[in-house]
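Keeping their order, the protein sequence lines are chains E and S. Under my numbering, the first residue of the first sequence is numbered 29, with each subsequent residue one higher. Under my numbering, the first residue of the second sequence is numbered 0, with each subsequent residue one higher.
Because the hints were derived from the structure by calculation, they are not lab data. All C-beta atoms in this analysis are idealised placements derived from N, C-alpha and C, irrespective of residue type, glycine included. Don't take each hint at face value.
As the list claims (entries may be wrong) - Stretch by stretch, here's where chain S covers chain E in the computed footprint (C-beta under 8 Å, at least three residues): (1) 109-115; (2) 206-215.
What the hints assert, rightly or not - Beyond 10 Å from chain S on every Cβ pair, some chain E residues (computed): (3) Gly58; (4) Asn96; (5) Gln135.
The chain contents come next:
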Amino acid sequence: MKYALYLGCTIQAEQFGCEISAREVLPRLGVELVDMEGTSCCGFPAFSSLSTIGWFYLSARNLALAENLGLDILTLCNGCYASFVETKHNLEENADLKGFIQEKLRQEGLEYTGDIRVIHIIELLHDLIGTEKISETVTNPLKGIKLAAHPGCHAIRPSSLGRPDNAENPQKLDHLITALGAETMDYPEKTDCCGSMLATASGTTTLTIAAEKLKAVEGYGFDGLVTTCPFCFQMFDGRQGEINDIIDFIFDTDSEELEVPIFYYTQLLGLAMGLKPEKLGLELNLSPVDALVEKIAGGAK
Amino acid sequence: MKSVLVIGGGIAGIQASLDLADRGIKVHLVEKTPSIGGVMAQLDKTFPTLDCSMCILAPKMIECFRHPNITLHTLSEVSKVTGSAGDFYVNILEKARYVDASKCTGCGLCSEKCPVRLPSEFQAGMGTRKAIYMPFPQAVPLVACIDSEHCLYFQKGVCRVCEKLCPAVAIDYEQQPREVEVNVSSIIAATGFETYNPQEIGEYGYGRYKNVLTALEFERLICASGPTGGKLERPSDAKISHRIAFVQCVGSRDHRVGVPYCSSICCMYATKEAVLIKEHDPESAVTVFYIDLKVFGQGFQDFVERARDDWGVRYIRGRPGEIREHPFTKDLTIWYENTDTGKVSKTEVDLVVLCTAMVPRPENKELADVLGVELDEYGFLKAQDPLSNPIETNIPGIYVCGCCHGPRDIPESITEASGAVAKAAELIVKVADGGEG
Numbered sequence: 029m030k031y032a033l034y035l036g037c038t039i040q041a042e043q044f045g046c047e048i049s050a051r052e053v054l055p056r057l058g059v060e061l062v063d064m065e066g067t068s069c070c071g072f073p074a075f076s077s078l079s080t081i082g083w084f085y086l087s088a089r090n091l092a093l094a095e096n097l098g099l100d101i102l103t104l105c106n107g108c109y110a111s112f113v114e115t116k117h118n119l120e121e122n123a124d125l126k127g128f129i130q131e132k133l134r135q136e137g138l139e140y141t142g143d144i145r146v147i148h149i150i151e152l153l154h155d156l157i158g159t160e161k162i163s164e165t166v167t168n169p170l171k172g173i174k175l176a177a178h179p180g181c182h183a184i185r186p187s188s189l190g191r192p193d194n195a196e197n198p199q200k201l202d203h204l205i206t207a208l209g210a211e212t213m214d215y216p217e218k219t220d221c222c223g224s225m226l227a228t229a230s231g232t233t234t235l236t237i238a239a240e241k242l243k244a245v246e247g248y249g250f251d252g253l254v255t256t257c258p259f260c261f262q263m264f265d266g267r268q269g270e271i272n273d274i275i276d277f278i279f280d281t282d283s284e285e286l287e288v289p290i291f292y293y294t295q296l297l298g299l300a301m302g303l304k305p306e307k308l309g310l311e312l313n314l315s316p317v318d319a320l321v322e323k324i325a326g327g328a329k
Numbered sequence: 000m001k002s003v004l005v006i007g008g009g010i011a012g013i014q015a016s017l018d019l020a021d022r023g024i025k026v027h028l029v030e031k032t033p034s035i036g037g038v039m040a041q042l043d044k045t046f047p048t049l050d051c052s053m054c055i056l057a058p059k060m061i062e063c064f065r066h067p068n069i070t071l072h073t074l075s076e077v078s079k080v081t082g083s084a085g086d087f088y089v090n091i092l093e094k095a096r097y098v099d100a101s102k103c104t105g106c107g108l109c110s111e112k113c114p115v116r117l118p119s120e121f122q123a124g125m126g127t128r129k130a131i132y133m134p135f136p137q138a139v140p141l142v143a144c145i146d147s148e149h150c151l152y153f154q155k156g157v158c159r160v161c162e163k164l165c166p167a168v169a170i171d172y173e174q175q176p177r178e179v180e181v182n183v184s185s186i187i188a189a190t191g192f193e194t195y196n197p198q199e200i201g202e203y204g205y206g207r208y209k210n211v212l213t214a215l216e217f218e219r220l221i222c223a224s225g226p227t228g229g230k231l232e233r234p235s236d237a238k239i240s241h242r243i244a245f246v247q248c249v250g251s252r253d254h255r256v257g258v259p260y261c262s263s264i265c266c267m268y269a270t271k272e273a274v275l276i277k278e279h280d281p282e283s284a285v286t287v288f289y290i291d292l293k294v295f296g297q298g299f300q301d302f303v304e305r306a307r308d309d310w311g312v313r314y315i316r317g318r319p320g321e322i323r324e325h326p327f328t329k330d331l332t333i334w335y336e337n338t339d340t341g342k343v344s345k346t347e348v349d350l351v352v353l354c355t356a357m358v359p360r361p362e363n364k365e366l367a368d369v370l371g372v373e374l375d376e377y378g379f380l381k382a383q384d385p386l387s388n389p390i391e392t393n394i395p396g397i398y399v400c401g402c403c404h405g406p407r408d409i410p411e412s413i414t415e416a417s418g419a420v421a422k423a424a425e426l427i428v429k430v431a432d433g434g435e436g
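Kindly generate the complete structure, drawing on both the sequences and the hints.
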């Protein structure tokens, strides 16, 4: 299995743990990651809200770069995934638009056909590698730990376009969690948005949306929350402190501060493989993960 | 005088058979399942009068059984039809019942002792039956039958408990299917409908959430002859449900799942079921989520108004967007937009009832091939002209009535059945006069 690895902006600007852990665990599952030279932003969401054509151009450009390598493209970020899938769809539906974008790309020597596949990391892990193979690599099962799955909106919606999992009843991330020996269960807020899309429009709304989800997760007795998306991760992990700063305001009452450990799935997979926490970028997590990491990694010794 | 073939033993087929028989015309009534009765037998009450459904139906069923002019063929299917109006030759395939109908007294001892427990079709899966069974206590004929696909003797060659215990010595494992040929003047198709499986509509969680039921399942739950004796014990924890919501147009009027038409009976049966809940417990909170209330029949609007004003049933105009289940309590939260106010809200309930679309039976295709009649774009049997000729098909001498050619309620099905009988009788007279055939 060989893929062009597309990282996108969020990961390279701030979510290093996502990349570090993915690069650490995926090769151990037989995945060869090929770096892409000269990529740009996928265009979503900042560019897409201003210029649809600009967005399609940027996405198609990145897809053309992967086509150049003769490889399918692997995204770690839900936003990039959605952006590529939607661009491909729109260009397929509109021949004029496709011709226009192709013409622009030719000016820099790139050829876009739209023939390669866009692979989401959940699809890679669940469908292409499979939970059985993942379980085989687990030397340090995450026993007695109950984790909430957060697939994130763009991994499942809009359902009419190709998505790695079912929009109303996503289960693949759950299966991946149980493959590590951890527990999980369905919870009503599972498909709720992380809120990050509203960050530029309304700071308190975005924090409220994330806070409600985290509070629910805590209330159901989960030990932590797992996602693969860097956008969702930075919302729940990076901004949990900000939520706690205004938590009384958010819930309009005296509230306990939230303490929900947030993990990338690839970080937990690494721990379950017996890798050291520092190899997985876990020191970069801002949510209170230390106790749980200690418990898991301690179990390995 | 030639006889008439009626296919389907639901209320439409029963009414057609009785009307014909009372005119002195011989009838062959073919029913696929072990008993006549159809969906109406499964209903608790009928709208808008809240009559006991079985109390209306059972005498008609028994009359069918006893009528000298009616020959019942249960567990049977029409396998071949040749000829034309006034002179059809019909092959009826009678499957083996493995119980001698002339000996069985319907005592039920075999079912009692049978070790195999299966979901009951009559109870819409809410209760169980055995591998040897009578579908329901009022079944006609009241003769047991063996479900050979699940019977231990047929599957593994062991058991034979029913044979040992049957006081009438009626069990016959060697019984073979038989094919009979009948010569009839005309054919009335009354094969009915089935309900849409809402599992496809993922946001409502049917099949995932135990406390989300279809209306037919709920009908069994609230019925005194149902699995709980009419107590509204919800499936997850047998807690008595006091907060119940109905969701209209589940599948119906939904282009996404390919059932764009209105199923025409759901607004009324939801109202009926809502009132029944209130009769059980006036303190219950009952909500009906609807798009439009299509209550056009005689006495229907008045019934809805009584439900709203006298019984306190809450009607909210809005199609729920999502139903969520609490992981521990299994209570359900319904998210919806009230389109009267434009506000998005949520409400928590114990039980949700999905009022699912009426859809054509998948076997319609096979039947249409055998009869040579056309199907409409959805798979219902097609009447020549829904406006001016709603009973005749493209084949002279073959008529339709009831839900086999589209959703309709009980009174309309009965009316159509009598209409089809008039057509069939007319043909017999014409043939007797030498005018046709």
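### Query
In ascending order, which of the hints set out earlier in this document are inconsistent with the structure?
1
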